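S.K.: Read off the chains here:
There are 2 protein chains.
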Amino acid sequence: MAEDGQQPPDSELGPRRGPASQQDMRRQNLALVMHTVAAAHPLSRADVAGRTGLTRTAVSSLVDELIGGGLLLEGELERSGRVGRPGRALVLNDSGPAGLGLEIGVGHLSACVLDLRGEVRVELHRPAPNSSRPAEQTLAELAALATEAEQQAVVLGLRVVGRVLAVPGSVPLDDPGRHVEHAPNLGWHQVDVHSGWPGPGVAPAVENEANLGALAELWQGVGKGTFVHVSAGEGIGGALVLDGRLFRGVQGFAGELGHLTVRPDGRLCSCGARGCLEPYAGLAAVLHASGLAEELDGPASGQDIDAIGELARRAEAGHPTTTRALHHAGTALGTALAAAVNLIDPATLVLGGAYADLAHWLLPAMRAELAELIRVRPWPDDALRASPLARRGPVLGAALVTVRRLHTDPATLWLTEGA
Amino acid sequence: MAEDGQQPPDSELGPRRGPASQQDMRRQNLALVMHTVAAAHPLSRADVAGRTGLTRTAVSSLVDELIGGGLLLEGELERSGRVGRPGRALVLNDSGPAGLGLEIGVGHLSACVLDLRGEVRVELHRPAPNSSRPAEQTLAELAALATEAEQQAVVLGLRVVGRVLAVPGSVPLDDPGRHVEHAPNLGWHQVDVHSGWPGPGVAPAVENEANLGALAELWQGVGKGTFVHVSAGEGIGGALVLDGRLFRGVQGFAGELGHLTVRPDGRLCSCGARGCLEPYAGLAAVLHASGLAEELDGPASGQDIDAIGELARRAEAGHPTTTRALHHAGTALGTALAAAVNLIDPATLVLGGAYADLAHWLLPAMRAELAELIRVRPWPDDALRASPLARRGPVLGAALVTVRRLHTDPATLWLTEGA
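So the sequence lines, in the order shown, correspond to chains A and B.
Note that our numbering has the first sequence beginning at 1, numbered continuously upward.
Note that our numbering has the second sequence beginning at 1, numbered continuously upward.
With the rest of the complex left out, here is chain A (with noise of 0.2 Å):
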């Protein structure tokens, strides 16, 4: 699994465990150079070596190791009006080292492929039933999605470099990236997708939808610095970026929304304890409150679509049950995102997966009950925000992963395939 995005192993407060070398010094600055180009480009190697502060001898054989890489492509620069010959320009190579994104749903299964520069090259979507079958079916069929996607990428000019999956479940913290601990509305316990992978392509290295879903806020969303991120899909997934990075909690359980406790002595959660977040704002919950819940054929879910999609209708319509269940929810995601803030003091809160098609009625009670027990700190009503990314971020975060590794630790690549 990628460092990026992630707290490191060891930050215990103390200086680096090893002496440094010049070994280090130069992926040091293949990260400057790389990281210069891909927060500003187009830029000369001239102006890469202003903005480094690196001499530029050094910069032309840094740069000329990533082009060898297949990192940067260097060509004209576009004419400008300024006086001097046209000088020639480095770019992300749009055609080069690629991030596959992958998405186990409970009725879908995705893929979608990110060259350098973060664009979408390939997207995959497959109705799937996979809470309703084993384990092994569903692999199957996602490791054929990914072939597809792959060799898509492929036609496109693009090589994948590193495939990172995303699943509605618990990933240990002492394993991570191989297998599934326990996703419940899968039916998974214990699956490990890396013995498991029907071969010939690489297996991906597995992490939760919650988290990958606020990394790809951070990345391309609304979500910036240090911010909460709760989404709704199967249950209430919460997820903290903090200073730019994932904070995972000593067991993986930061960022539990779902069972902070916003009703003491309310409603039976189906964790065991009273008055949790997710009997009064699972999408669950809210699809009862409006009376839809008995209308659909079966046990009604956060990923189903056409469920969330004629809730919006509703409310849309001024259906006053389903606005009445989006208002009671919304004052109950204000509560338990209040405790949020006042713990950990974020830049912004993001209303993401399911909760985004719905922000329209969710965020006014929201706002109001933020407003109501947020006092000893400015809160602005638009530090809350809906995504932009809905439904997509946690794949999106997926293929993101191996795009950020590559703008921020570019050896990486060459590590990586030595190996």
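If you are wondering where the hints come from, they were derived from the structure by calculation, not from laboratory data.
Here the structure is a predicted model, which is why all the values come from computation and not from measurement.
Cβ coordinates follow ideal geometry from the N, Cα and C atoms, glycine included.
Please note: incorrect hints may appear among the correct ones.
Just a few of them, taken from the derived set where beta-carbon distance is under 8 Å, the chain B residues facing chain A [as the list claims (entries may be wrong)]:
{"hint": "1", "residue": "F247"}
{"hint": "2", "residue": "G249"}
{"hint": "3", "residue": "H259"}
We have chain A; now place chain B onto it with these hints.
M.R.: Chain B only, in chain A's frame:
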């Protein structure tokens, strides 16, 4: 203000901003040697080379520089049973650079000096009516106390090289260490400690007392890695330490446990909201509920040692109103801390400040409430601990900031003194 124990000012995801240099390498390696000796002294030069991976020649040059700066001493190793002639051993210098900690409470002033080993060498405590006099008078008396502590340190061969002041108030993030924004219990608003510092000594860097209490717990107490520290002083102080660093949030309000909603639509809090933790578990609330507030002269204060001591004596004697008041406060603390566990997933919760003196009666109700509300992750009873430092935490933390900075970045000593 020292950077030790705080998030770096620029911690957005991405590589370092400037190029890596030989000077950076030297500084990193000095830190590596200092940290290695601090963690396991006495060590020989050969031990240091073995533990760090640096060459013996490099270690000798780095060690000589640290000895020259007064940070390390080299003497005969104790005779051991091992074969071979005794080597010479490196230890932290206990008569070298030292840290001064200062504290302004509502009813007292404190000062202490800690040597490089973290040992308390000077400790002064004076009753002082700080809440009922102008800030200038308090600062004048504090400056005199600081001078007295530094003079006593000189007699012991110590040289104070860093000064930090703990205040029961907020310190702005954009001008760290220079002024107090708001300290309601002192009646302070916008007090510039640096400009207002009465000569001839050096003005201290200012920091919030709850943050320093948490750092003291990290460095000398029972907090390790990632934990939440809750203390009772004036109001309820909370602080988050994440991966060994103090986490302040984007506006410096992180850890505001006192204003977490524990009883929706409950008691009115001084902040204007209803149901906050403070009117249920703040010391004023406990003193009131126990009936003790009415018996004491004037308003009872969390810094009032007699009130806390009397509360403990009555609880010890089985006084039912007192034990009931502490039980209810413990339950409310448990409700708020359960939210912190669900959000942050810490390794431990630390009960500090005056709460530590009452831990015997608070902990059972806290543990019962935590067990009731934390269901989705394991939470052992002993993950909640009373601080061994209790009310001394903030002033010890203030002095330790300097000591830890010298351990983790000893070159700061030359840079500071050369400035």
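S.K.: Hint compliance check: list the failing hint numbers for this structure, sorted ascending.
M.R.: none
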